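Protein chains: 2
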Amino acid sequence: MINVIIIGNGNVATQLSKALMKSDACNLVQIYSRSKPDNYFIEKNIETTQKLNKIKNADLYIISISDDAISEFSKKMNFKNKLVVHTSGSVSMAELKCNTNKGVFYPLQTISKNKKVSFKNIPLCIEAETKNDLKLLNKVAKSISNKVYFIDSEQRKSLHVSAVFVNNFTNHLYKIANDLCNDYKVDFEILKPLINETAKKIKKLSPKEAQTGPAIRNDKKTINKHLELLNKNQQKIYTLLSNSIRE
Amino acid sequence: MINVIIIGNGNVATQLSKALMKSDACNLVQIYSRSKPDNYFIEKNIETTQKLNKIKNADLYIISISDDAISEFSKKMNFKNKLVVHTSGSVSMAELKCNTNKGVFYPLQTISKNKKVSFKNIPLCIEAETKNDLKLLNKVAKSISNKVYFIDSEQRKSLHVSAVFVNNFTNHLYKIANDLCNDYKVDFEILKPLINETAKKIKKLSPKEAQTGPAIRNDKKTINKHLELLNKNQQKIYTLLSNSIRE
Numbered sequence: 001m002i003n004v005i006i007i008g009n010g011n012v013a014t015q016l017s018k019a020l021m022k023s024d025a026c027n028l029v030q031i032y033s034r035s036k037p038d039n040y041f042i043e044k045n046i047e048t049t050q051k052l053n054k055i056k057n058a059d060l061y062i063i064s065i066s067d068d069a070i071s072e073f074s075k076k077m078n079f080k081n082k083l084v085v086h087t088s089g090s091v092s093m094a095e096l097k098c099n100t101n102k103g104v105f106y107p108l109q110t111i112s113k114n115k116k117v118s119f120k121n122i123p124l125c126i127e128a129e130t131k132n133d134l135k136l137l138n139k140v141a142k143s144i145s146n147k148v149y150f151i152d153s154e155q156r157k158s159l160h161v162s163a164v165f166v167n168n169f170t171n172h173l174y175k176i177a178n179d180l181c182n183d184y185k186v187d188f189e190i191l192k193p194l195i196n197e198t199a200k201k202i203k204k205l206s207p208k209e210a211q212t213g214p215a216i217r218n219d220k221k222t223i224n225k226h227l228e229l230l231n232k233n234q235q236k237i238y239t240l241l242s243n244s245i246r247e
Numbered sequence: 001m002i003n004v005i006i007i008g009n010g011n012v013a014t015q016l017s018k019a020l021m022k023s024d025a026c027n028l029v030q031i032y033s034r035s036k037p038d039n040y041f042i043e044k045n046i047e048t049t050q051k052l053n054k055i056k057n058a059d060l061y062i063i064s065i066s067d068d069a070i071s072e073f074s075k076k077m078n079f080k081n082k083l084v085v086h087t088s089g090s091v092s093m094a095e096l097k098c099n100t101n102k103g104v105f106y107p108l109q110t111i112s113k114n115k116k117v118s119f120k121n122i123p124l125c126i127e128a129e130t131k132n133d134l135k136l137l138n139k140v141a142k143s144i145s146n147k148v149y150f151i152d153s154e155q156r157k158s159l160h161v162s163a164v165f166v167n168n169f170t171n172h173l174y175k176i177a178n179d180l181c182n183d184y185k186v187d188f189e190i191l192k193p194l195i196n197e198t199a200k201k202i203k204k205l206s207p208k209e210a211q212t213g214p215a216i217r218n219d220k221k222t223i224n225k226h227l228e229l230l231n232k233n234q235q236k237i238y239t240l241l242s243n244s245i246r247e
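The listed protein sequences derive, respectively, from chains A and B. Number 21 in our numbering belongs to position 21 of the first sequence; there are no gaps in the numbering. Number 67 in our numbering belongs to position 67 of the second sequence; there are no gaps in the numbering.
To be clear, the hints were calculated from the coordinates, so they are not data collected in a lab. Treat each hint with caution, since some may be false.
Just so you know, same-sequence chains aren't split out, so a pair can sit in one copy or run between any two.
[As the list claims (entries may be wrong)] Below, simulated DSSO-like cross-link-like pairs (lysine-lysine); rule was C-alpha separation at most 27 Å, straight line: (1) K139 / K113; (2) K142 / K113; (3) K175 / K225; (4) K116 / K192; (5) K203 / K116; (6) K97 / K203; (7) K131 / K142; (8) K113 / K200; (9) K113 / K208; (10) K22 / K97; (11) K115 / K135; (12) K131 / K80; (13) K131 / K220; (14) K36 / K75; (15) K220 / K44; (16) K201 / K82; (17) K147 / K203; (18) K18 / K236; (19) K225 / K139; (20) K22 / K201; (21) K220 / K113; (22) K131 / K221; (23) K192 / K18; (24) K203 / K185; (25) K175 / K192; (26) K236 / K51; (27) K220 / K22; (28) K185 / K208; (29) K225 / K97.
Predicted model, so just to flag it, every value in this text is computed and none were measured.
Sequences are here, hints too, so could you generate the full structure?
The structure is reproduced here in structure tokens:
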């Protein structure tokens with residue numbers, strides 16, 4: 001069994017702890033967090049602590065705290081010959097400042113504390129300095145997910161910005177559509193099957209093949225009709241994205 | 001039984017014809033199209049014609065041809081006391097120029113000719129000039145879909161532009177992410193669970209509630225890291241959408 005300690009009690013730390021509790025390959029030794037941990041863990045008799053000097057011995061320490069705090073906090077993690085990793089998509093492995101072996105264990109998914117999540121389908125992007133550590137991370141990752149990828153820090157950065165496009169920005173486009181529905185007193189529900197189908201479509205087609213609409217057809221008549229209905233900010237976004245599609 | 005004739009053999013015409021063949025309330029009398037119809041209909045013994053003067057008698061004529069051709073074509077549809085509708089999201093009911101009753105029967109979904117589709121979950125947006133015609137369209141629509149909405153021409157326009165945001169533009173964001181993955185030699189597959197979850201999330205949360213990411217947190221450090229990885233066009237889109245989210 002691989003002994004694991006989780007540092008943090010945010011969304012990822014909480015869900016990752018729950019997944020590790022079910023892993024056959026791992027033993028969740030302890031959760032460290034500054035504030036009190038989720039009651040769930042106390043009920044399940046998982047050892048928790050709020051004191052740094054009470055952190056126990058383990059094979060793997062997973063720091064799952066806010067991106068900005070990782071580097072500074074890692075300085076306190078000086079467990080020789082142990083492996084310390086973080087879970088951030090935007091922080092490079094080198095930003096870990098501990099005198100230990102280092103690595104990254106990045107789950108690429110939008111994770112909420114209170115929404116049940118199955119790690120089985122969450123891609124885990126792992127990175128380590130040594131082959132042995134990568135082997136260890138791979139074992140941990142495979143015990144909770146079917147989708148494990150070896151991804152270096154540069155690749156992970158590109159995935160993180162890609163995730164902003166397909167998640168944050170896509171959601172903002174949903175928001176604009178929702179605003180339009182409100183303006184014209186239309187039920188946003190009507191658009192949900194299309195939203196669903198748009199996401200499903202690229203399971204089989206590449207985004208390039210799946211592209212449709214007035215911009216790719218260069219259908220100026222429809223584009224102009226659309227622009228008339230939009231406010232200034234929406235027009236800017238419509239025009240920039242349409243031009244980008246056409247190119 | 002309501003006797004229906006379909007005009008056209010594009011994606012919507014083809015799939016709508018197939019759905020109507022299964023409807024208990026409708027009888028698909030004939031399909032008219034300029035070019036030869038899909039073999040499927042010939043095999044199923046559906047009457048087809050390429051001659052305008054061979055168009056039969058029916059209760060409802062559904063014009064499902066390209067947006068630009070609807071107005072001109074409708075002039076040829078002079079069946080007194082019959083109902084003629086089109087299936088376009090961006091064409092108003094008034095653009096039908098026939099001396100008949102008029103209406104609209106707009107399926108809000110991305111529909112391909114060759115991909116099997118279940119109309120049951122496709123929102124059908126219907127509009128007509130008279131109560132009786134609306135009743136007729138409602139009966140037809142309900143016989144093939146569980147999602148029928150009364151939507152006037154102004155509302156339909158707003159839905160059509162909203163559909164561009166949630167479908168065409170969202171797909172373009174997928175395309176940008178795919179390009180980034182290619183540039184950094186990362187498997188685009190890694191992003192698919194996130195794409196799926198992003199679409200699923202708004203089934204329960206409003207897009208406003210679902211919004212996460214560096215822009216809404218005004219996390220300039222991460223935003224700047226991201227911008228460094230992007231080309232000029234991607235940077236423009238990233239900046240405009242981030243600013244729009246922050247506002």
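Each hint tested on the structure:
For the identical chains of this complex, K139 and K113 are intra-copy neighbours only, at 25 Å inside a copy versus 45 Å across copies, given an alpha-carbon limit of 27 Å. Taking the closest pair of Cα atoms, K142 and K113 come within 27 Å of each other only inside a single copy of the chain (22 Å); across copies the shortest separation is 40 Å, beyond that limit. In this homomeric assembly, K175 and K225 come within 27 Å of each other (Cα to Cα) both inside a single copy, at 21 Å, and across copies, at 25 Å. Taking the shortest Cα distances, K116 and K192 sit within 27 Å of each other both inside one copy (22 Å) and across copies (19 Å).
Taking identical chains as interchangeable, the C-alpha atoms of K203 and K116 lie at most 27 Å apart whether they share a chain (24 Å) or sit on different chains (15 Å). Taking identical chains as interchangeable, the C-alpha atoms of K97 and K203 are never at most 27 Å apart, the minima being 40 Å within one chain and 41 Å between chains. For a Cα distance limit of 27 Å, the shortest separation of K131 from K142 inside one copy, 16 Å, qualifies, whereas the shortest one across copies, 61 Å, does not. When the C-alpha separation of K113 and K200 is checked against a cutoff of 27 Å, the pair qualifies both within a copy, at 26 Å, and between copies, at 17 Å.
Taking CA atoms no more than 27 Å apart as the test, K113 paired with K208 passes between copies only; the shortest distance there is 18 Å, against 35 Å inside one copy. Taking identical chains as interchangeable, the C-alpha atoms of K22 and K97 are never at most 27 Å apart, the minima being 30 Å within one chain and 66 Å between chains. Proximity of K115 and K135 under a CA criterion of 27 Å is satisfied in neither setting, with 30 Å inside one chain copy and 42 Å between copies. In this homomeric assembly, K131 and K80 come within 27 Å of each other (Cα to Cα) only inside a single copy, at 17 Å, whereas the closest approach across copies is 80 Å.
In this assembly of identical chains, K131 and K220 lie within 27 Å of each other by CA distance neither inside one copy nor across copies; the values are 56 Å within and 35 Å between. Proximity of K36 and K75 under a CA criterion of 27 Å is satisfied intra-copy only: 22 Å inside one chain copy versus 73 Å between copies. For the homomeric pair K220 and K44, neither the shortest alpha-carbon distance inside one copy (61 Å) nor that between copies (39 Å) is at most 27 Å. For the identical chains of this complex, K201 and K82 are neighbours neither inside a copy (44 Å) nor across copies (38 Å), given an alpha-carbon limit of 27 Å.
When the C-alpha separation of K147 and K203 is checked against a cutoff of 27 Å, the pair qualifies both within a copy, at 16 Å, and between copies, at 25 Å. Taking the closest pair of Cα atoms, K18 and K236 never come within 27 Å of each other, the shortest separation being 44 Å inside a single copy and 40 Å across copies. Taking identical chains as interchangeable, the C-alpha atoms of K225 and K139 are never at most 27 Å apart, the minima being 55 Å within one chain and 31 Å between chains. Only between protomers do K22 and K201 lie at most 27 Å apart by alpha-carbon distance; the minimum there is 25 Å, versus 33 Å within a single protomer.
Taking identical chains as interchangeable, the C-alpha atoms of K220 and K113 lie at most 27 Å apart only when they sit on different chains, with a minimum of 25 Å there against 45 Å within one chain. When the C-alpha separation of K131 and K221 is checked against a cutoff of 27 Å, the pair qualifies neither within a copy, at 58 Å, nor between copies, at 31 Å. When the C-alpha separation of K192 and K18 is checked against a cutoff of 27 Å, the pair qualifies only between copies, where the shortest distance is 23 Å, while the shortest distance within a copy is 31 Å. When the C-alpha separation of K203 and K185 is checked against a cutoff of 27 Å, the pair qualifies only between copies, where the shortest distance is 19 Å, while the shortest distance within a copy is 33 Å.
With identical chains, the CA atoms of K175 and K192 are at most 27 Å apart both within one copy (12 Å) and between copies (21 Å). Proximity of K236 and K51 under a CA criterion of 27 Å is satisfied in neither setting, with 51 Å inside one chain copy and 46 Å between copies. In this homomeric assembly, K220 and K22 never come within 27 Å of each other (Cα to Cα): the closest approach is 56 Å inside a single copy and 37 Å across copies. Proximity of K185 and K208 under a CA criterion of 27 Å is satisfied inter-copy only: 18 Å between copies versus 33 Å inside one chain copy.
Proximity of K225 to K97 under the C-alpha cut-off of 27 Å is restricted to the inter-copy arrangement: shortest distance 20 Å between copies versus 56 Å within a copy.
Checked against the numbered hints above, the structure violates hints 6, 10, 11, 13, 15, 16, 18, 19, 22, 26 and 27; every other hint is satisfied.
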